[in-house]
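Visitor: Chain by chain, the residues run as shown.
Protein chains: 2
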Amino acid sequence: MTQTENLTPASTGRSARLEVCLTPALIPLYNVEEYIVVIIDIFRATTSICYGIENGAEAIIPVSQVEECAAYREKGFDYLLAAERNGEVVSGFDFGNSPFSYTKEKVAGKTVVLTTTNGTHALHLSLKAKKIVLGSFLNITALCNWLKTQNDNILLVCAGWKNNFNLEDTLFAGAVVEQLKGTTLRTDDPAIAANDLFQLAKDDLDGYLKKTSHSERLKQLGIEADIAFCLNVDTTTAIPILDGEKLVKLVV
Amino acid sequence: MTQTENLTPASTGRSARLEVCLTPALIPLYNVEEYIVVIIDIFRATTSICYGIENGAEAIIPVSQVEECAAYREKGFDYLLAAERNGEVVSGFDFGNSPFSYTKEKVAGKTVVLTTTNGTHALHLSLKAKKIVLGSFLNITALCNWLKTQNDNILLVCAGWKNNFNLEDTLFAGAVVEQLKGTTLRTDDPAIAANDLFQLAKDDLDGYLKKTSHSERLKQLGIEADIAFCLNVDTTTAIPILDGEKLVKLVV
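Those protein sequences? They're chains P and U, same order as listed. When you read off a place in the first sequence, starting at 1, and then add 154, the result is the number in our numbering. When you read off a place in the second sequence, starting at 1, and then add 154, the result is the number in our numbering.
Since the hints were derived computationally from the structure, they do not count as laboratory data. Treat each hint with caution, since some may be false.
No distinction is drawn between identical chains; accordingly, a pair holds when it is met within one copy or between any pair of copies.
As a list, the in silico PhoX-like pairs of lysine-lysine whose alpha-carbon atoms are at most 20 Å apart [claimed, not checked]:
1) K285 with K229
2) K335 with K365
3) K258 with K400
4) K364 with K335
5) K264 with K356
Can you build the whole structure from these sequences, using the hints too?
Guide: Structure follows, in structure tokens:
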């Protein structure tokens with residue numbers, strides 16, 4: 155599916171689409187150039203980036219490889235360098251993807267270069283999209299309100315875990331589908347499934363997610379406070395958008 | 155993830171795994187050689203094959219390409235040749251993947267060569283598995299009873315639609331997870347999600363699936379009778395298993 159037709163809702167006369175890409179491994183099945191893409195990595199990359207941008211970070215530069223991040227040391231910029239792999243800060247870097255590293259005190263007025271196991275990978279596979287924004291429970295309503303103004307196809311890309319499905323990103327996608335229910339957007343099977351799962355989980359997201367196969371792994375990393383933080387809803391309004399190589403605050 | 159360690163439950167001392175591969179595009183994420191694989195293509199390939207084997211077909215030979223199927227004309231065997239693409243019988247073939255083509259009258263004592271859009275594709279990507287069996291709602295309890303005797307890792311492979319997620323195969327996977335709940339099998343996030351969706355849908359599978367994005371497409375193909383047939387539960391007990399190039403009846 156590599157044909158690059160400009161299938162805008164206007165050109166086809168059909169309602170715009172709202173679809174869910176359950177893992178980055180499935181991104182090749184989509185013509186991403188037809189969509190506004192929302193990158194989702196709830197634990198913890200997109201949550202932390204949303205928080206950092208809300209807190210006044212000038213920009214956050216997502217890179218795929220640890221080496222790319224490290225190379226910024228030699229470039230003469232006064233950037234903060236953050237790298238996470240398998241839930242832990244990579245040795246030698248300022249911090250990782252914990253939201254507690256993206257407070258006002260730490261990032262206001264600064265630029266952060268960041269690489270993570272899943273979220274930045276999903277973003278880089280989506281680069282041909284019309285627009286790329288980031289979502290988290292923190293800014294979900296602000297994000298959905300903006301999406302409603304776009305009148306274009308939307309692809310919710312779940313970063314997942316190592317290219318496979320995970321529950322938390324899927325639940326978030328389902329929560330977005332829920333907020334966009336009043337529109338004429340046409341959904342697909344993954345969106346239906348994500349929304350049904352969200353309906354099940356919404357009254358106790360934390361409790362529902364405790365049954366996930368990696369909650370034990372996250373607990374062993376000692377990041378339960380991070381997890382709780384990432385499940386706060388509507389505590390921020392800033393929407394990170396990719397502008398060139400940088401994630402910056404979308405001006406609505 | 156290409157390392158071929160023999161990670162049997164016995165060798166690792168851990169409980170066997172029960173995992174769900176939501177689409178064939180995700181098969182490369184698994185070391186399939188560590189699993190018994192169950193191929194799932196509810197509408198309609200695995201349903202029809204289960205039905206045909208139950209009805210006394212000697213064997214069903216799954217092939218990937220229409221051309222491979224056609225080539226059997228020249229081989230001098232008295233085989234039936236079946237080919238389906240996009241829900242329709244390919245021109246020039248005896249039939250496709252409608253279960254109504256796999257009755258006793260049509261297939262008893264015969265060998266069928268079959269190619270389909272999704273199911274045979276999923277099977278061919280799983281060839282390194284320890285064993286490959288086929289599942290459908292028709293034989294679900296017989297299948298699960300056999301799986302309980304295996305004491306090995308199980309991977310439920312959803313054929314999906316054109317490499318992407320679909321609801322019906324996921325629901326079936328969730329139904330298998332449900333039946334295997336009394337065991338010590340360790341599940342993953344896709345299995346949890348599939349099972350939760352099955353819990354939602356189980357009292358009215360047909361009604362639930364009407365909201366799927368391709369129910370309209372299936373209706374337009376005029377196969378509503380096929381769909382209803384594929385949702386019958388426990389009407390057969392035969393389990394197709396791959397033996398060499400042929401799917402035959404598993405002798406339990």
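Visitor: For each hint, tell me whether it holds in the structure or not.
Guide: Checked hints:
1. For a Cα distance limit of 20 Å, the shortest separation of K285 from K229 qualifies neither inside one copy, at 28 Å, nor across copies, at 54 Å.
2. With identical chains, the CA atoms of K335 and K365 are at most 20 Å apart between copies only, with a shortest distance of 14 Å across copies and 28 Å within one.
3. Proximity of K258 and K400 under a CA criterion of 20 Å is satisfied intra-copy only: 19 Å inside one chain copy versus 64 Å between copies.
4. With identical chains, the CA atoms of K364 and K335 are at most 20 Å apart between copies only, with a shortest distance of 18 Å across copies and 27 Å within one.
5. For the identical chains of this complex, K264 and K356 are neighbours neither inside a copy (35 Å) nor across copies (52 Å), given an alpha-carbon limit of 20 Å.
The structure is inconsistent with the numbered hints 1, 5, although it conforms to all the rest.
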